[in-house]
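There are 2 protein chains.
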Amino acid sequence: MEDELRSVISANAAFYEAFQALDFDIMCSVWHHTPHVYCIHPGWDILRGWESVRESWRAIMGSAAYMKIEISDPVGVVKDKTAWVTCIENIYTIAEGITTHATVASTNIFESTASGWKLVAHHGSPTGAVLSMNDEVEN
Amino acid sequence: MEDELRSVISANAAFYEAFQALDFDIMCSVWHHTPHVYCIHPGWDILRGWESVRESWRAIMGSAAYMKIEISDPVGVVKDKTAWVTCIENIYTIAEGITTHATVASTNIFESTASGWKLVAHHGSPTGAVLSMNDEVEN
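As you go down the protein sequences, you meet chains L and C in turn.
Here the working numbering is used: the first residue of the first sequence is 1, the next is one more, and so on.
Here the working numbering is used: the first residue of the second sequence is 140, the next is one more, and so on.
Hint data in this document are derived by calculation from the structure and do not stem from the laboratory.
As the structure is a prediction and not an experimental result, all values here were calculated from the model.
Some hints could be false.
Simulated pairs of lysine-lysine, BS3-like, Cα-Cα distance not exceeding 30 angstroms [said to hold, decoys possible]:
#	chain 1	residue 1	chain 2	residue 2
1	L	81	C	207
2	C	218	L	81
3	C	257	L	68
4	C	207	L	79
5	L	68	C	220
6	C	257	C	207
7	L	118	L	79
8	L	79	C	257
9	C	207	L	118
10	L	118	C	218
11	C	220	L	118
12	L	118	L	68
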């Protein structure tokens, strides 16, 4: 199981390498292309199914000019052919000459396939943010 | 597997019933009490281990006066003895006479135990929020 855990942590790192490199093709190869995959980008609703997830990455990678991602505190759990990793993403982006830094807490779920561990779910949420209050309703 | 999927969806509903009822003991019974559980409340960092997760619920339930939670669009996946459910939480709280409404996208991971499906991970993130930008760094 230790070997499997190392493989999952590597698969998790490969996801972030693809993200940082803004490499759409590698990002596609990291994911399992099945209807039950989903992705929740920070602040977004749930995107379900590979096509929706794929197009979200195409849009994100088409709009970002530079990205550096440092992962801290990755912790993995392996249960048979399923695994998940939680970590903190430190994301630095440059747009219009200004570097911004965002911190995101992430859950990444993987499944073991004939091609190795593939990502089936990514859920990222901004840390240090408060619960979004959409409406106030009079009593 | 259809029976297992129904059981997981029921376990997911039981989690939200405990949350809405602000019932700390039932909330504890919904979770698997192991070191590898974790919880990411909306906007929070990752809490790891049952003790940290338990104390966060104690604090949340001690401070909330009234809560109503409606779940929409729950989708579950079962893989052997592991399962996960994603859903949208519509949360209404009352504090100081004002009702507020928040929408949260959630990932809940469950494991099959001798006592049924138990929650091992809850990750909630505000929807409609933008990525939290903590710092601006000069180039």
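Status of each hint after checking the structure:
1. Of the supplied pair hints, the one linking residue 81/L and residue 207/C is violated, its CA atoms being roughly 36 angstroms apart against a limit of 30 angstroms.
2. Between residue 218/C and residue 81/L the alpha-carbon distance is near 8 angstroms, which keeps this suggested pair within the 30 angstroms criterion.
3. Straight-line distance between C-alpha atoms of residue 257/C and residue 68/L comes to about 37 angstroms, which puts the hinted pair past the 30 angstroms bound.
4. A hinted pair counts as satisfied when its Cα atoms are at most 30 angstroms apart, and residue 207/C with residue 79/L does not qualify at roughly 34 angstroms.
5. Of the pairs offered as hints, the one joining residue 68/L and residue 220/C is violated, with about 36 angstroms between alpha carbons and a cut-off of 30 angstroms exceeded.
6. A C-alpha spacing of about 22 angstroms is found between residue 257/C and residue 207/C, which places the hinted pair at or below 30 angstroms, so the restraint holds.
7. For the given pair, residue 118/L sits about 14 angstroms from residue 79/L by alpha-carbon distance, which is consistent with the 30 angstroms threshold.
8. Distance check on the hinted pair: residue 79/L and residue 257/C sit about 14 angstroms apart at the alpha-carbon level, within 30 angstroms; holds.
9. Taking the CA atoms of residue 207/C and residue 118/L, the gap is near 37 angstroms; set against the 30 angstroms cutoff, the hint is violated.
10. The hinted pair formed by residue 118/L and residue 218/C meets the criterion: a straight-line CA distance of about 14 angstroms does not exceed 30 angstroms.
11. With a CA separation close to 18 angstroms, the supplied pair residue 220/C and residue 118/L stays within the 30 angstroms bound.
12. Simply put, residue 118/L and residue 68/L have alpha-carbon atoms about 22 angstroms apart, close enough for the 30 angstroms limit, and the pair holds.
Of the hints listed earlier, those the structure fails to meet are numbers 1, 3, 4, 5, 9, in rising order.
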